[in-house]
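Protein chains in written order, with the numbering used here: chain A, 1 to 349; chain B, 350 to 698.
Among the clues, some could well be false.
As the list claims (entries may be wrong) - Reference listing, derived: stretches of chain A covered by chain B, where coverage requires no fewer than 3 residues with Cβ under 8 Å from a Cβ of chain B:
| hint | segment |
| --- | --- |
| 1 | 47 to 61 |
| 2 | 82 to 88 |
| 3 | 99 to 112 |
What the hints assert, rightly or not - With beta-carbon atoms standing in for the labels, derived distance ranges:
| hint | chain 1 | residue 1 | chain 2 | residue 2 | range |
| --- | --- | --- | --- | --- | --- |
| 4 | B | LEU436 | A | LYS291 | 36 to 46 Å |
| 5 | A | GLU13 | B | SER688 | 26 to 36 Å |
| 6 | B | GLN554 | A | SER64 | 27 to 37 Å |
| 7 | A | LYS346 | B | LYS543 | 42 to 52 Å |
| 8 | B | GLU495 | A | SER149 | 14 to 24 Å |
| 9 | B | TYR458 | A | SER149 | 24 to 34 Å |
| 10 | A | ASN8 | B | LYS460 | 35 to 45 Å |
| 11 | A | GLU13 | B | SER498 | 21 to 31 Å |
| 12 | A | LYS118 | B | LYS460 | 44 to 54 Å |
| 13 | B | LEU549 | A | LYS111 | 39 to 49 Å |
Keep in mind that the hints were calculated from the coordinates and are not lab data.
By construction, the Cβ of each residue, glycine as well, lies at the ideal position given by its N, Cα and C atoms.
There are 2 protein chains.
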Amino acid sequence: MIKKIVGNVDFIENLRGKSATFALSMTTTQTCNIEGLTQAGIPGLIHLTPTLDGEFICSGEVRSLENIAETPKGVPTPALITRAIHLLKPFKQMQIFDLGVHTKPKLDYFKSYEFGLKMSDNIEDGANIDAKEVFEKGIEFAKDYELESDYLILAESVPSGTTTALCSALALGYECEGKFSSSFKAKPTDIKQKVIESALKNIDQNDDEFAKLSKVSDNMLIFNAGFVLGACKRGMPLVLAGGTQMAGVLLIANKLASNIDAKNLALCTTKWVGEDESSEIKALLEMCDFKVNAFYADFDFALSDHPALKLYDQGEAKEGVGAGACLVYGLLNGLGKESITREVEKFLG
Amino acid sequence: MIKKIVGNVDFIENLRGKSATFALSMTTTQTCNIEGLTQAGIPGLIHLTPTLDGEFICSGEVRSLENIAETPKGVPTPALITRAIHLLKPFKQMQIFDLGVHTKPKLDYFKSYEFGLKMSDNIEDGANIDAKEVFEKGIEFAKDYELESDYLILAESVPSGTTTALCSALALGYECEGKFSSSFKAKPTDIKQKVIESALKNIDQNDDEFAKLSKVSDNMLIFNAGFVLGACKRGMPLVLAGGTQMAGVLLIANKLASNIDAKNLALCTTKWVGEDESSEIKALLEMCDFKVNAFYADFDFALSDHPALKLYDQGEAKEGVGAGACLVYGLLNGLGKESITREVEKFLG
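Extracted from the complex, chain A is given alone in its bound form (with noise of 0.2 Å):
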């Protein structure tokens, strides 16, 4: 079942059935690697999550890693979710939005977007990225993007995500303290405090939003934010998959346009995140002036007795890698949480 956070429940209704292209806009960011601040990745090595999840969600392997046995013990990465329903009812095109990586997907024949974009900089320092450029780009890549099926479906991976999203919204004014989520069941409050108040110190109060953004953002937020108003302006039916990342760059999009007609957009994230109550997405998406639609896939592993698993349902992980949407999709075409269920557990030996 798809259940409703904001929004009308139509706008997903009249996407049953339909076909979807998944891209997964993916950068890495130096704040990533700040020790004990995410969990998304094997520990040293988080900058290259993103390479790893495209890789794995593509071709069902993982190439950028000399050494395979390295991969996390604990929780599994949410990309598990996506590719299990990318097997069950596969989308129409899997596509890679590369807004600036560490190391580069191995990947042929897959279609790959590049914008030129670098990854950026430790917020803690200043991320040292030209926020007008890349939203530009993304508002540019919209207009031109050439939508192959029904909807898009895009989802994101960035490492370190939930820290750039609310230190960027809480720099644009927002009072969204305790609403953003971690992959971390216990949120590391102590050292995202940290990292968080040490960026906005690097502010000034002359800086303009873009200024801002490009001292304590990333670019999945600011390219996505273009993203979304291109959309918005065509009217190309398209879904944001993730958590409160996404809806924080409704919360930059917002920011920076007015008038924005949301219509055609939804953000769908997982069961985790939509009845999480350590964050309130409810409450993020509502800060926007424009109508937004937003639904979760009610969704858990109770029907899984494997103990990877069952770390989700207890609150770590998350979403990540588009699994919330992808859940959605599945559910929109037919597939059950059995199915889905013995699908990821395949993986998992």
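Let chain A serve as the given structure and place chain B on it in line with the hints.
Frame of chain A; chain B shown alone:
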């Protein structure tokens, strides 16, 4: 699961979820009625096999047989697999490439391309083909061919086709003894050997490649070699659906042209060919000067108790009518071993 024989797995992963046209290229040769050479059909009526295969995969009915009770009791045609996949996850089009058959399939509405080709003679006395003309028809047709889906699956039905394939490859100078498969578990080596020896005796030292093929090949091999070249030239995504016969197509193309860019081409076959111990498809493909992608469907009838289907797992029949590529297509589109097995079983009662 899809397993690699050679090449780049991303080619086939990128076809996941995409739509396909299925085309059956068919021809009959007088060679096929040599007793004991093939078990692909009804003894005495082997020349009807392509016709019946075409009718069955398109319509679900066998029409060009007066006495339906005569259908074989032994190994069922691989067309059952093709039809089962089409029922579970339909192709966008089913088409016939009529390359010269004894009896035209009784089909309406289905697109059937004709090329003014007649069934060829027994290779023991010379096949009597105008190889250059057939080859050029293949190239021209590929240039103009209107693909109405994301990719084309090109299958074959040519009884005793592995004999003409082996003979063609030998005539062109490939060292390929023992590398071509057979529809028999125990290869009919004696008869086949005798037929091939007789055929090769017709070849003159001064014969060029076309003259050789005119004597010992079949229309499917030659036409599709041309088709492959035309398709590669325009970059049309193409799956050659077959085992060592389709490898023979590539070997012919390799001899008749240079600098072939087969980036958008793959050969897909069954596990029974991919893991066959009495033939070597991988070695055949590696004789090509260009890079080839080739895969097989990791599917067998382990989940079935039906004795006729068990014969496949014992090495009879192995491939044909695009069965292997259809299984790959099924796996690429979310079908599982269980559902495919049950669908095939339904035909057998």
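Results for each hint:
| no. | hint | result |
| --- | --- | --- |
| 1 | 47 to 61 | holds (count 4) |
| 2 | 82 to 88 | holds (count 3) |
| 3 | 99 to 112 | holds (count 4) |
| 4 | B:LEU436 x A:LYS291: 36 to 46 Å | holds, 44 Å |
| 5 | A:GLU13 x B:SER688: 26 to 36 Å | holds, 27 Å |
| 6 | B:GLN554 x A:SER64: 27 to 37 Å | violated, 55 Å |
| 7 | A:LYS346 x B:LYS543: 42 to 52 Å | holds, 49 Å |
| 8 | B:GLU495 x A:SER149: 14 to 24 Å | holds, 21 Å |
| 9 | B:TYR458 x A:SER149: 24 to 34 Å | holds, 28 Å |
| 10 | A:ASN8 x B:LYS460: 35 to 45 Å | holds, 43 Å |
| 11 | A:GLU13 x B:SER498: 21 to 31 Å | holds, 28 Å |
| 12 | A:LYS118 x B:LYS460: 44 to 54 Å | holds, 51 Å |
| 13 | B:LEU549 x A:LYS111: 39 to 49 Å | holds, 48 Å |
Violated hints amount to a single one, hint 6; each of the other numbered hints is respected by the structure.
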